[in-house]
Amino acid sequence: MPASPLIMTAVTKRFGQFTAVDNLSLDVPEGQIIGFLGPNGAGKSTSLRMGLGIMEPDSGSVELFGRAPNVQSLRRVGFLPEERGLYKKMTARDTISHFARLKGLSASDARARADELLEATELGEFSRSRISKLSKGMAQKVQILSTLAHRPDFLILDEPFSGLDPVNQQALENLIRAEHDRGATILFSTHVMEHAERLCDRIVMMARGRKVLDGTLKEAFASLGQGARISVEHGFDLAAALSPKGFEAIRTADVGHGETWRIELPPGREAQDALRAALEAGAPITGFAPEEARLRDVFVSLVGEADAAALEASLAEDGVA
Amino acid sequence: MRNILLIFRRDYLGYVKAWGFWLSLAAVPMFMIIGAALAAFAAQSSPVRYFAVIEPGSVYAEAIEAEFREREIAEIERTSEIAEQLDLPVLSEVDVASVGEGGASPTDRKFVQVPPPADSIDGLRPYLLGQKLVSGPLGEKPLFAAFILTEDGGELEYWSDDVNVDQLRYLARNAMLDLARKDALSEAGLGEDFLERVDEAAFDVPARRIRTVEEQDTAGSEVTMADRAPMFVAGGLAYFLWLMVFSIIQYLLMGTIEERSNKIFDTLLTSVKLPELLAGKLLAVFAVTTTMMLSWGVFAFSGATIVSTQIPGVGNAIAPFIAALANPAIIVPGLISFILGYIMYGMIFMALGSLCDTIQEAQTLLSPMMILLMLPMFAIFIAFQDPGSPLIDIASWIPFFTPFLLILRMPHDPPLWEVLAQMGLMAGFALLILWLSTKVYRAGAVHGAGIGDMGGMLKRMIGVKGKAA
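Listed in order, the protein sequences are those of chains A and B. Take the first sequence: its letter number 113 is residue 113 in our numbering, and every next letter is one higher. Take the second sequence: its letter number 464 is residue 464 in our numbering, and every next letter is one higher.
If we strip away everything but chain B, and leave its shape as in the complex, we get (with noise of 0.2 Å):
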């Protein structure tokens, strides 16, 4: 236990003494936080853009601050409806109806209408290419765009100097679609709100979770967000196992290139056994990977921590997902999976950079491994979607899949016989993974094989042979 300590020690202080840590521990946080900056930026530097509409009357122009206001009250709504779900009750409490009476500001917005300062596509082209400036709510501005009802009223024409802002003339598309069904509607002689009344009486298709009668008379059958939170959590696992078992690549391939190009394993050897040396390094890049997580995570978790306090309502929202962290039932087969994943391809990546002497040979091992690794991404994807699908249940007894869709299965009351079998099965496969690297691992560090030496080295995993020294 010593020697694997030793070796730990040695091997994560090395990596977190690299600049290259500290650089990648950095970067996510400060993508985060310069992401954040920059997005927060982006929306409060958008310039507010004035916009004319040129028609003998103001239908047209009524039907676009129309459609205005309704996308206002859907966002709120929206906002609203996910508030709820999560039991915050902040922004449910919004007055919906002040905005539909005009109780927000048009300078919130990125168009605001403005009177035309002429009443032809001449007299405004001035405007409209920044030579003259018309007056607004925000003071002068250039003209940005104008929408001109033709002579025969048969089009709405969009002017504008700039042709890849189009969301103003996309949202006056959808005015004009609504007036187009309003119109249809009073000459049908229906009312204005007749599609809404129509939505409104179609029957709502609430979800109920089927629980026995004694479950049911505690818990109810609403779905909630405390049904949900398993599937979240054991997706989040297999994401974690996932992302951790993609990020020790490197640091087993590198770490392994620089002892044997600095032929240091015969030294090595002469002071600690195979397997501890392995369990050591293994165990130096799991503390490594995990110190960058839990770096990360105490960064997430602050970060929640301090919004919590601004925000009434978060705690109750997290509430349901640390319940399903603290479920033995989904936990325990979690961490069974996570760590023999761990090792299991943490071995396989060891054996592999053992055979190389240098980074251009590692790098055309990168290929392969990837695609090695995209493969349980593409069923965690799957299994996320549809846990019951038979693909799952199949792949799930791949040993190369198991620990990821174990983990995903978890929620869902698999049978018993099936994750004991499984668990045994991921144990059995990784005793032999672990048993096949170590040959790899010895071939290579002892009796120098190499990638180009494929065949020769399983001839020594068979019969231990190997080159001179």
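One chain only, chain A, in its complex shape (with noise of 0.2 Å):
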């Protein structure tokens, strides 16, 4: 059975008094996408370092492809930091060929699969351009070619999503979604959570250094409690028809004729259930809406307010609502 890609053991961070990573276990299994969420400053980048060997451990264990990250290791990886950066002289086919060779292609093989990632992106007519001569999202563009040059086992991308348009980012969803398809792993860091609820198997979500969740979608949902809102015509209670029923419900908001409530579920009851208690109690129904859990939710139940608003600090920070 092949080594995962990525094993993480109890793995520590300190600088100076502040403790970045804190007894982070992580396992990435082989062929999943897995989405690594949390604030800025959740220790996020830090954990992905030490993943790939950049830093070390104050204490813990990582193992890349079943062994301490080292160049041989390394190769079957591509990284895609969270600061971008490249040699502003060189131009975008000399760029992605350089990296390429880095990782172990043949001189041949690096330009010819510059030359295809360049043509597949529509970049064809700027391989020979100077990064400094490209937009800002072209010379993304040909980072992230430059990590996927080599054709890399396991992806490690460091807030990939981050200062790309709204174009190009759907344009990387597809890109990823195309590499783990040919058989890579994934792991990406992100403070955006639509993009792991759309990419990702497995979650693990950090606030302050620490897991605060590792599971599927399903299991981060489950964590959550779910509800529904009924709204019901003006001078009805609610609350008192579905109490018998085993329903808790809070009276949200006034809306035209009528008023919304908001119904706690229960755990194993569904929103239709409580759609079905209040029609058998005569509820005058106007309006009805299961509510849509959504990771960012889960991730304000499973850190607090403090921790949440962390995470819209840096949402806003990339201008993201």
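Treat the hints with care, since some could be wrong.
[Said to hold, decoys possible] Below, a list of computed lysine-lysine pairs in the PhoX-like style, where the Cα atoms sit at most 25 Å apart:
1) A:Lys133 / A:Lys88
2) B:Lys439 / B:Lys273
3) A:Lys133 / B:Lys263
4) B:Lys273 / A:Lys88
5) B:Lys110 / A:Lys88
6) B:Lys263 / B:Lys17
7) B:Lys110 / A:Lys136
8) A:Lys89 / B:Lys273
9) B:Lys263 / B:Lys273
10) B:Lys263 / A:Lys89
11) A:Lys136 / A:Lys88
12) B:Lys132 / B:Lys182
13) B:Lys17 / A:Lys136
14) A:Lys133 / B:Lys17
15) A:Lys89 / B:Lys439
16) A:Lys88 / B:Lys263
These are computed hints drawn from the structure, not numbers from a lab.
Put the complex together from the two separate chains, hints included.
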């Protein structure tokens, strides 16, 4: 059985008095897309850098493809760092082929691969343009292509969507799916939960250097209390009507000719059960909406308001609402 | 090794593709050619100026003329002496006597004596002011200067419109001194050549080199260029190392700053080991400076080859230097010192560059670096002047100076144990610098330490701590 691309066991990293990563254990099995979530400063990048051997943990151990990170195991990895940067005077083609050669490709293969990737991403005409002459988005694309050029088995992308416009974010999502279809294992960090919701098999949530959640999306949502919203005509006490049937209802707002109530769903009960109970109680229903749980809500429920505010700040920094 | 070569290749091509490299490459030969052309042009285009002497007879005019001849003869003799030392037959064969007999054309001089067109300063005024021209060997020209003996005969006044060109006045002043000496000798009843005979009677003090009897039988005792060439070669090698170190500062600083400011380190460090990265970068800068120096060397060698085909005997003049370069006793310690010195200084500059985010920050480091580099330069200068100085003996044990001073000490046959010990010292210190610089580089590149964060950086070096990513 092949070794997991990345296993981190009880890893801790301190910078002076500040604990950046606290006792993190993480297993990235082959073939999965894993989202590494949390606000800025949660310890995601430090964890990834330790996973790649750029930084040594103060305690704990890291295995990359079954052994401590080294040049051989790193050749199977494509890494996109959070702080993007390329040699500004190199051409797009030379940049991609240079990094591909550092990962073991021959000169001719590296050049051919650079040409192929640039053509595939509609950057062919800029292949001999210097990085300094490209737009920021194009340069980011070139860096992403440099990460993929050697067809890595394991992709580690640190905030890959940061700084990309919506069109390029969608293109990157497609690219990640394509790499996954090719067989690559993917671990990417983000503080934008929606990307993780769309892409991930599994998520790992970090807050203040600690792992607060590690599981599938279903497991993540299961940790969050589910709810539903039912609107009724004025004057009907939905809380009193549903209470005997085991549902708690809280009036949240007046809407036009009625009122909206939020129904807290007990474990094992679904929104449809609440609707059925309301109908059976004779409620004059004017509206119904099952609450759609979001990862952001899961995060808030796990870490509390303070860390949730940090996440909002991270999103605001990136201009994400 | 492959990764080192890839890093080397990228950095080397990055440097040599830049316009600045080609400008630097072209600058030295270009300045040499332009400088030589300007000097030749200045020598040729310097105007020939007329002057006149007004006196009752021709005593002072002849004294000035004699001074011109004496200087010309002295110049030819000096050139011939150098040519003889270098075993160049060309000028030593010139018939010096022909100059003394008035063989040199007066038109080769920059000052030519012409008959005075008037006999008073008032009469000469329009000529000296350029309003009228005087006739001379090179046609009609303004009168540049005139010497006028005062009525009391006590002074020879120098009149000219140009007070900045003083050579003629100084020459005349020397001529007057000679004249006064001759008069004094004559009054004392001594001949004009009395002082010359006194000079000739003095003992010569030829330099002899002490050798073993066997060596002396074959090589003689006369000091030749073969005896001096090793010191010149060692001096050249030490200076070359200094020049190399001096010229890599900007490359290593700027190159590292580019990578730090462009945030490339993380990408690189997931592809190559840190020592591979450093080795590749150091090699690239070494290759860049070597390319530059070799290009200049080829230019100089081509020039020397052309000159040697024109002047017979140049080959013989170069031979002692080539022999010194091929001497293992000089070149082996020289090369070891060169390589270790380069690694030592290169690593220091690269480590410091990794702490800078901007060129402005790097500039604040340049001053201490320059001071650090001026110290070996002073040591080289002192060692060249007095290689046996105790100061040099002591300084050669200071690792920062050892690479330069060991090279310079080699022509003087220092004890073998000292050579080996200093090589060991250099190697050990180079390893220490390598270790420390790698720590500093890692602190800068991986942990984001800056020059304003020296305290934290030192902590990181000993405790490997850093900023959160």
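These are the hints, each one checked on the structure:
For the hint linking lysine 133 (chain A) to lysine 88 (chain A), the alpha-carbon distance of about 8 Å falls within 25 Å, and the restraint holds. With a CA separation close to 13 Å, the supplied pair lysine 439 (chain B) and lysine 273 (chain B) stays within the 25 Å bound. About 18 Å separates the Cα atoms of lysine 133 (chain A) and lysine 263 (chain B), which keeps this hinted pair within 25 Å; it holds. Proximity of lysine 273 (chain B) to lysine 88 (chain A) is assessed by CA-CA distance (about 23 Å); at most 25 Å being required, the pair is judged to hold.
As the CA atoms of lysine 110 (chain B) and lysine 88 (chain A) are separated by approximately 58 Å, the hinted pair breaks the 25 Å bound. At most 25 Å may separate the alpha-carbon atoms for a hinted pair to count; lysine 263 (chain B) and lysine 17 (chain B) meet this at roughly 22 Å. Note on lysine 110 (chain B) and lysine 136 (chain A): the hinted pairing is violated, with a Cα-Cα distance of about 67 Å set against a maximum of 25 Å. Using a Cα cut-off of 25 Å, the hinted pair lysine 89 (chain A) and lysine 273 (chain B) holds, with the two alpha carbons roughly 24 Å apart.
Straight-line distance between C-alpha atoms of lysine 263 (chain B) and lysine 273 (chain B) comes to about 17 Å, which keeps the hinted pair within the 25 Å bound. Distance restraint check for lysine 263 (chain B) and lysine 89 (chain A): the Cα-Cα separation of roughly 14 Å lies within the 25 Å cut-off, and the hinted pair is therefore satisfied. A C-alpha spacing of about 11 Å is found between lysine 136 (chain A) and lysine 88 (chain A), which places the hinted pair at or below 25 Å, so the restraint holds. Straight-line distance between C-alpha atoms of lysine 132 (chain B) and lysine 182 (chain B) comes to about 37 Å, which puts the hinted pair past the 25 Å bound.
Using a Cα cut-off of 25 Å, the hinted pair lysine 17 (chain B) and lysine 136 (chain A) holds, with the two alpha carbons roughly 24 Å apart. Among the hinted pairs, lysine 133 (chain A) with lysine 17 (chain B) is consistent with the structure: their alpha-carbon atoms are about 16 Å apart, no more than 25 Å. At most 25 Å may separate the alpha-carbon atoms for a hinted pair to count; lysine 89 (chain A) and lysine 439 (chain B) exceed this at roughly 28 Å. Using a Cα cut-off of 25 Å, the hinted pair lysine 88 (chain A) and lysine 263 (chain B) holds, with the two alpha carbons roughly 11 Å apart.
In terms of the numbered hints stated before, the structure departs from hints 5, 7, 12, 15, listed from lowest to highest.
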